[in-house]
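Chain by chain, the residues:
Protein chains: 2
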Amino acid sequence: MRATYLFGAGDIRVMDAPDPMIVEPTDAIVRVTRACICGSDLHPYHSQPAGTEGKTIGHELIGVVEEIGAEVVTVRPGDFVISPFVFSDGTCPFCREGLQTSCEHGGFWNSARLGTGGAQAEAARIPLADGTLVKVPGTVDESLYAGLLTLSDVYGTGWHAALRAGVTTGDTVAVIGDGAVGLLAVLSAKQLGAEQIILMGRHRVRTDLGCEFGATDVVAERGEEGIARVMDLTGGQGVPRVLEAVGHLPAYEQAVGIVRPGGVIARVGVPQYDQAELGWPVFGKNATITGGPAPVRAYIEQLLPAVLDGTVKPGRVFDRELGLEDIPAGYAAMNDRTALKVMIRP
Amino acid sequence: MRATYLFGAGDIRVMDAPDPMIVEPTDAIVRVTRACICGSDLHPYHSQPAGTEGKTIGHELIGVVEEIGAEVVTVRPGDFVISPFVFSDGTCPFCREGLQTSCEHGGFWNSARLGTGGAQAEAARIPLADGTLVKVPGTVDESLYAGLLTLSDVYGTGWHAALRAGVTTGDTVAVIGDGAVGLLAVLSAKQLGAEQIILMGRHRVRTDLGCEFGATDVVAERGEEGIARVMDLTGGQGVPRVLEAVGHLPAYEQAVGIVRPGGVIARVGVPQYDQAELGWPVFGKNATITGGPAPVRAYIEQLLPAVLDGTVKPGRVFDRELGLEDIPAGYAAMNDRTALKVMIRP
Numbered sequence: 001m002r003a004t005y006l007f008g009a010g011d012i013r014v015m016d017a018p019d020p021m022i023v024e025p026t027d028a029i030v031r032v033t034r035a036c037i038c039g040s041d042l043h044p045y046h047s048q049p050a051g052t053e054g055k056t057i058g059h060e061l062i063g064v065v066e067e068i069g070a071e072v073v074t075v076r077p078g079d080f081v082i083s084p085f086v087f088s089d090g091t092c093p094f095c096r097e098g099l100q101t102s103c104e105h106g107g108f109w110n111s112a113r114l115g116t117g118g119a120q121a122e123a124a125r126i127p128l129a130d131g132t133l134v135k136v137p138g139t140v141d142e143s144l145y146a147g148l149l150t151l152s153d154v155y156g157t158g159w160h161a162a163l164r165a166g167v168t169t170g171d172t173v174a175v176i177g178d179g180a181v182g183l184l185a186v187l188s189a190k191q192l193g194a195e196q197i198i199l200m201g202r203h204r205v206r207t208d209l210g211c212e213f214g215a216t217d218v219v220a221e222r223g224e225e226g227i228a229r230v231m232d233l234t235g236g237q238g239v240p241r242v243l244e245a246v247g248h249l250p251a252y253e254q255a256v257g258i259v260r261p262g263g264v265i266a267r268v269g270v271p272q273y274d275q276a277e278l279g280w281p282v283f284g285k286n287a288t289i290t291g292g293p294a295p296v297r298a299y300i301e302q303l304l305p306a307v308l309d310g311t312v313k314p315g316r317v318f319d320r321e322l323g324l325e326d327i328p329a330g331y332a333a334m335n336d337r338t339a340l341k342v343m344i345r346p
Numbered sequence: 001m002r003a004t005y006l007f008g009a010g011d012i013r014v015m016d017a018p019d020p021m022i023v024e025p026t027d028a029i030v031r032v033t034r035a036c037i038c039g040s041d042l043h044p045y046h047s048q049p050a051g052t053e054g055k056t057i058g059h060e061l062i063g064v065v066e067e068i069g070a071e072v073v074t075v076r077p078g079d080f081v082i083s084p085f086v087f088s089d090g091t092c093p094f095c096r097e098g099l100q101t102s103c104e105h106g107g108f109w110n111s112a113r114l115g116t117g118g119a120q121a122e123a124a125r126i127p128l129a130d131g132t133l134v135k136v137p138g139t140v141d142e143s144l145y146a147g148l149l150t151l152s153d154v155y156g157t158g159w160h161a162a163l164r165a166g167v168t169t170g171d172t173v174a175v176i177g178d179g180a181v182g183l184l185a186v187l188s189a190k191q192l193g194a195e196q197i198i199l200m201g202r203h204r205v206r207t208d209l210g211c212e213f214g215a216t217d218v219v220a221e222r223g224e225e226g227i228a229r230v231m232d233l234t235g236g237q238g239v240p241r242v243l244e245a246v247g248h249l250p251a252y253e254q255a256v257g258i259v260r261p262g263g264v265i266a267r268v269g270v271p272q273y274d275q276a277e278l279g280w281p282v283f284g285k286n287a288t289i290t291g292g293p294a295p296v297r298a299y300i301e302q303l304l305p306a307v308l309d310g311t312v313k314p315g316r317v318f319d320r321e322l323g324l325e326d327i328p329a330g331y332a333a334m335n336d337r338t339a340l341k342v343m344i345r346p
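Residue numbers (the UniProt record's numbering), protein chains in the order written: chain U, 1 to 346; chain S, 1 to 346.
Any given hint might turn out to be false.
It does not matter which identical chain is meant; a pair holds if it fits inside one copy or across any two.
[Stated by the list, open to error] In silico lysine to any residue, SDA-like type, Cα no more than 25 angstroms apart, as pairs:
1. Lys313 <-> Val256
2. Lys313 <-> Glu253
3. Lys55 <-> Gly279
4. Lys190 <-> Gly279
5. Lys55 <-> Trp280
6. Lys55 <-> Gly284
7. Lys55 <-> Gly323
8. Lys135 <-> Pro328
9. Lys135 <-> Ala9
10. Lys55 <-> Gly193
11. Lys55 <-> Ile227
12. Lys55 <-> Pro281
13. Lys135 <-> Leu304
14. Lys313 <-> Gln191
15. Lys55 <-> Glu122
16. Lys55 <-> Leu233
17. Lys190 <-> Cys92
Source of the hints: derived by calculation from the structure; they are not laboratory data. For clarity, every value in this text was computed on a predicted model and none was experimentally measured.
This is chain U alone, in the form it adopts within the complex (with noise of 0.2 angstroms):
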């Protein structure tokens, strides 16, 4: 089959590869409908260091089962299926309390422990499939692809951040960064009753969706400017639920310098430090620090009945559709930020 693989920060590079095979009775084949490129991706794809070696990539994909395992009995040969970005028994005391992410059988794609490849290719090998892999439903139209495919990482995400944060009805909620998750933050916000939805990003086609998915005000100011300006949309008292959607410092210290004393500030773009402020900025308002990789798979059943009738549109999202061999062209245009989120379309 081909697939992707990075040899170093800018080398994408789409190869030959050998199909995936069943290796544990848990596991399933699943044929990619649909993959895409993450904002997470671009990490590596800015850093890493060149290799001799590729490394595959990938973590998103929607797809039809090819072949099980013998102990697989939750999906079958030509099913349709999400699977998230993590994998996960199902089983075990953290997934049962939906905490997925921390399974303690479970794993990342392109995992050496587990033996898998990454999602931006032909096929994958899935682990644990019957803990992973959610069955959609009836006949799937090609229409719906964009929607299912942002349940498997981007939407579950931004779901997660509004869940930790507690968003409840009538709720003033700030979501900061305007990528496919933080705009997702604030659909998911909209839908659990927030009133006033603040994003912080200054990508006006970006915040323009944000707009049409619920957000009430855009601030495109950052630093200290962007935190007067937060403050006087919230009659000087701050946010109580902040989203954080970015996962660089300077988000994370917008948060802080917007969070309302007692409130919640919800982490789900990957930290890209290591120490932060926890000081008296933090302690002395009694803000709480939550969030951290979305358990997607716990979200999934309950989010897509309105992803399959259509009444929310999280894969508005996908701004670019791309076959496997122009992933490249998809990195790039990602990572200048001509586009939202790629598409792949194997």
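With the hints as your guide, set chain S onto chain U.
Chain S in isolation, oriented as in the chain U frame:
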């Protein structure tokens, strides 16, 4: 009157001072029955630069109202009162939400803005008396003084840690720190129904009291060794509710090391650091960091009855009582850990 002043690190003196007077019509003057020394008083005691002018100190007291301003209606001269370690108006949005530490008009003791002195004195001016003071009903026997005095700070602070961490029936909890706040966090966790309470501390006399308050396990080890012990005690999963009652960086790092995926770290020790770990070790586990200065005013009415009827005895954290003139000896004893908490009798 006589009052306590800190002139620099280790230089604490009891001196003549002007009697406090009503300045605002919302003030009350309280004659101090008992004050005490707080672990947080040791921070300036360690670090305050030597200066020509002394600074007042102390923020915990019980006493008798001597005089009230024209607008004060909830307390009268002769009332026995508890004063929390923060002044608050009781009417602003934050006070109404039970976050009096963020009161829009309140503030801390020894405040230039509020024009207040410290509580380690014969008398004190209490601004915003209606929002701040809590009247103790009935005749107050001297045997109750210690318990009532803990309601001005350390008991409410331990309670805040347990509440913010979400401690509930059957929970496993770890308390980091065997100072007065840590021990009362143990007591609070026990009251809230925790089943396993792991106390991390290495002062035997203190951890023994912690066991009487409800600790089921004591871990004296620190760092990696301490983390390993706690993991052993929790079946390798870590602790879902960690109450951090120290404020130094190693205590926070301990908390990060032992918190269970999806768990909560509630900090009530004033952080003596600005930056701390907020990268993958926190994010990857979906851990929550919460806490801050405790709005003890919100908890006094709830905690008072069991103190008055002797059901709980938080006053046991006081292991020494000294006259006001002996304050320097009290600071020295707390500093070299020969005393757990010193009560002051003006």
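Outcome of the hint check:
For a Cα distance limit of 25 angstroms, the shortest separation of Lys313 from Val256 qualifies neither inside one copy, at 31 angstroms, nor across copies, at 38 angstroms. With identical chains, the CA atoms of Lys313 and Glu253 are never at most 25 angstroms apart, being 31 angstroms at best within one copy and 42 angstroms at best between copies. Proximity of Lys55 and Gly279 under a CA criterion of 25 angstroms is satisfied inter-copy only: 24 angstroms between copies versus 39 angstroms inside one chain copy. In this assembly of identical chains, Lys190 and Gly279 lie within 25 angstroms of each other by CA distance neither inside one copy nor across copies; the values are 32 angstroms within and 28 angstroms between.
Proximity of Lys55 to Trp280 under the C-alpha cut-off of 25 angstroms is restricted to the inter-copy arrangement: shortest distance 21 angstroms between copies versus 42 angstroms within a copy. Proximity of Lys55 to Gly284 under the C-alpha cut-off of 25 angstroms is restricted to the inter-copy arrangement: shortest distance 22 angstroms between copies versus 44 angstroms within a copy. Taking the shortest alpha-carbon separations for Lys55 and Gly323, only the intra-copy value of 20 angstroms comes in at or below 25 angstroms, while the best inter-copy value is 71 angstroms. Proximity of Lys135 and Pro328 under a CA criterion of 25 angstroms is satisfied in neither setting, with 30 angstroms inside one chain copy and 71 angstroms between copies.
In this homomeric assembly, Lys135 and Ala9 never come within 25 angstroms of each other (Cα to Cα): the closest approach is 36 angstroms inside a single copy and 67 angstroms across copies. Taking CA atoms no more than 25 angstroms apart as the test, Lys55 paired with Gly193 passes in neither setting, with 42 angstroms inside one copy and 50 angstroms between copies. Neither within a single protomer nor between protomers do Lys55 and Ile227 lie at most 25 angstroms apart by alpha-carbon distance, with minima of 40 angstroms and 34 angstroms respectively. Taking CA atoms no more than 25 angstroms apart as the test, Lys55 paired with Pro281 passes between copies only; the shortest distance there is 24 angstroms, against 41 angstroms inside one copy.
In this assembly of identical chains, Lys135 and Leu304 lie within 25 angstroms of each other by CA distance solely inside one copy; the values are 10 angstroms within and 56 angstroms between copies. In this homomeric assembly, Lys313 and Gln191 come within 25 angstroms of each other (Cα to Cα) only inside a single copy, at 12 angstroms, whereas the closest approach across copies is 48 angstroms. In the homo-oligomer, the alpha carbons of Lys55 and Glu122 lie at most 25 angstroms apart inside one protomer (16 angstroms), although the nearest pairing across protomers, at 72 angstroms, exceeds that limit. Taking identical chains as interchangeable, the C-alpha atoms of Lys55 and Leu233 are never at most 25 angstroms apart, the minima being 46 angstroms within one chain and 39 angstroms between chains.
Neither within a single protomer nor between protomers do Lys190 and Cys92 lie at most 25 angstroms apart by alpha-carbon distance, with minima of 32 angstroms and 28 angstroms respectively.
In this structure, the hints that do not hold are numbers 1, 2, 4, 8, 9, 10, 11, 16, 17, in rising order.
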